[in-house]
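Going down the list, the sequences are from chains A, B and C. Each position in the first sequence, counted from 1, maps to that position plus 667 in our numbering. Each position in the second sequence, counted from 1, maps to that position plus 7 in our numbering. Each position in the third sequence, counted from 1, maps to that position plus 152 in our numbering.
Think of the hints as simulated: they come from the structure by calculation, not from any bench. None of these values were measured; they are calculated from a predicted model. From the three backbone atoms N, C-alpha and C, an ideal C-beta is built for every residue, glycine too. Incorrect hints may appear among the rest.
[Claimed, not checked] A partial selection of chain B residues facing chain A, derived with a Cβ cut-off under 10 Å:
#, residue
1, I21
2, S186
3, P187
4, T229
5, L270
6, A273
7, T278
8, D279
9, T280
10, D390
[To be verified] Below, simulated DSSO-like cross-link-like pairs (lysine-lysine); rule was C-alpha separation at most 30 Å, straight line:
#, chain 1, residue 1, chain 2, residue 2
11, B, K331, B, K47
12, B, K9, C, K190
13, A, K670, A, K772
14, B, K267, A, K742
15, B, K118, B, K70
16, B, K174, B, K82
17, C, K157, B, K338
18, C, K228, B, K331
19, B, K74, A, K769
20, B, K331, C, K215
21, A, K772, B, K63
22, B, K9, C, K215
23, A, K925, A, K780
24, B, K10, C, K205
25, A, K855, B, K267
26, B, K422, B, K331
27, A, K807, A, K987
28, C, K215, B, K10
29, A, K1005, C, K190
30, A, K750, A, K973
31, B, K396, B, K51
32, A, K780, A, K973
33, B, K20, A, K742
34, B, K70, A, K742
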Amino acid sequence: MTKKKITVAITGLNNTDNPGPGIPVIRGLLESTFFDVRIIGLAYENLEPGIYMEDHVDKVYSVPYPSIGTEALIKRIKYINSKEKIDLLIPNFDAELYSFMKSAKVLEEMGIKTFLPTIESFEERHKANLDKYGKQYGIKVPKSKSIFKESEIYSLSDDFDYPLLVKGKYYDAFVAYNKDQIKTHFNKISSKWGVPIIIQEFIKGTEVNVIALGDGKGNTVGAVPMRKQYITDKGKAWGGITIDDKKMISITNDLIAKTKWRGGMELEMIKTNNGDYYLIEINPRIPAWVYLAVGAGQNLPEALAKLALGIDFDYFTDYKLGKMFVRYSYDIIMDIDKFQKLSMTGEI
Amino acid sequence: MKKLTYERPIINKINSGMPNKFGTRTEYQPITYIDEVSVKEIMKEHGSPVYVLSEKTIRDTYKDAKKAFTARYPKVQFAWSYKTNYLNAVCNIFHQEGSWAEVVSGFEYDKAIANGVSGNHIIFNGPDKSESDLETAIINNSLIHIDHYDELYMIISLAEKLEKKPKVAIRVNMDTGISPQWSRFGFNYESGEAWDALNRILINKNLELVGLHSHIGTYILTANAYNVAGTKLADLAVRVKEKYNHAIKYIDFGGGFASKNTLIGAYLPGTDTCPTFSEYAEAITTSIINSRIKLEDFPTIILETGRALIDDAGFILGTVLANKRLADGSKSMVINVGVNLLFTAFWYEHRITPAQNFSSHTEHTSVYGPLCMNIDVIRQTADLPVMRKGDDFVISRIGAYNMTQWMQFITLRPKIVIIDTGRQVHVIRKNEKNEDINSFEHVPDHLKKINV
Amino acid sequence: MNINKNIAISGNGFVFDPTTGESFSLNSIGTEILSYLKQDMSKEEIVLAILEKYEIDNITVEKNYVEFLAILREYKLIEND
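Could you put together the complete structure from these sequences and hints?
In structure tokens, the structure reads:
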């Protein structure tokens, strides 16, 4: 069978010690038995390692940050599309998802498919709305409160015990043991990601994660649970193993059925010693450890591409237990020319 | 040979992993024309700084907003929020389009009357209505939105005295799931205060209850909050109908629609995050359509949105006074527009666009106004193209509040011009002169003679 | 004043300083001035060259030149004698 040729644009090439999902998604696509994929990397920064990984990207373009405005971003994509004819775009940063979801129609008109959550399901799962979300969908969540001003820190004391977590709307989470620490974290996070800042109860237990893909009709296309085996000082998994946790799978299926989730997602949960599961966060996209799922028999990036392009296939029902991943770092050697070319022309 | 356009030499360190946020090409274009009229020409003719309004944008925006509502609901009425921008020329554009007037003081009320708005098309809001203001409003059959009990009792006694039946509504405050909750205006829904006030009005034969009013806040980014408000107001309307067999004529949703400006502290720009008129309209009309109010009793929906209708139509043009390097090495720019003219700089990350060509290079810059005060900051940080002393710029989306909340501080307020739909520029407010300001003052005789 | 002669200036405004490993992006006038400096042109010569080529007055060019050199110094691309 000849493989179907497609061109896929992908962001999140920041394969650093706090990796974006771009490169693992690309690996999944390149291993597809169905597609023959040409990869167009979209980079926000000029040292995102993926830019220089020639085995993984065919061409890279720099794109403006979504904080500059969707208009500028879409204008750039339009230009890139005029050169590359993109079939599918997979954004991999939380902060850019909103802009791409808003622009899904415009992209579609350009002939670019996406497979993203609806704005509604994206918004309601925000960390800032977690309390409400838990109630609505019958999932245990830690107590949390969004604050907009530094002064609100001083009226917190009655609701929360220390330590507690201070989280940004998109990224960053810190443990705080007193108000001064909350204040420090508040300022640090808000200058980067804006407000609100989320104050969250600290739940003791083991962190377990599920990667899943919803088809937008309430069905789970695939789901693989994983326990992190080693966590870096940035809180990212450096090693992990697939586990047999039927409770987590059923929570995932239930949530996807109720929310009709569309696209990739990661559920972060804490399993307490009593065996309770608390939902900490829903990442509305494929997580960076997606390649473990590929290794465990569920090529979710390929499945996502099929969903986006309207290709029928059988959903996954199984995965291999005890599959592990261990990350490593690797130095690419190159001349300054490439760096110069990307810095000055925005293409490489 | 024609000489090339000069630009200040610029060098930027390429930060590893942190290049400038505009990417490698500049993402925005200079603004050299507004409604096909040259920015430089306007400044040459009318000075710098100068406010510019676009009549076309005002009318287009109004039509958009109106369409969003009339497509979903049969009875819709807009009322122009005078406090947002009460230049008579601006008010009259809205009145020509069919807007009533929404005023919050005697001053604004008189302005609306002078503009020719008939009394029964003026909505009188706010906590400050004097006895004589109320008297005028009652005689003119204006729609009085009661804010508190003291006002209610004053109206009751005026009604007896004038032997007229005032048309009243109450303002209701409530929890719509957004914070902060504005509880200082009107009567509270959850506590039963609003229901109590309605009962007091309805048992009084001298008052005519015509409407219910809420104004849930400002810059509301969650359209659904209006749905919550509408549901609660509809509930009050249904209870009034059941108990008194009295149909409420209108439900006034106030204002609060966000404009497309970016709030300070927001990561994504306002153009992406603000709800559209359609989203607001959907939330509001659904709350009434799906309520228990009977079809024959469907009230008129009144909207007092101000900011979202006028912000995009306003610009301020100004000039760079100086470039400075601060003690910590960072770059700053002083411009001739300060918070005296751009009050909204306290909330918004206003977009500053050069009025002439510039290169793709940008610098991280603080933008300060000309006032001799530390709070005079227009942008704490912005990635801006290089601008020289004497270069001109355009600040967009400033039509709301700046021309009412401005300050006459250490300098005089500039002209306001409007570009009509035929590209003609008209001065709609003269620039202030020293003698204007001095004409308000009086120096007692013993202070006239000085010797320095 | 000494300019670091090792620096590599490319036509598109990219400058690499092999001594420090830093790279910079310049606009076209910045690139031009840096090239003049590398050719050991004096301040007067450089200002003159710019005045001849661009639509601008003497005072502005001198002012910008001084500020630009201060930044070059900050980036250690030039050093005082």
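Requested in this report: Would you pick out the hints that fail for this structure and give their numbers low to high?
Outcome: none
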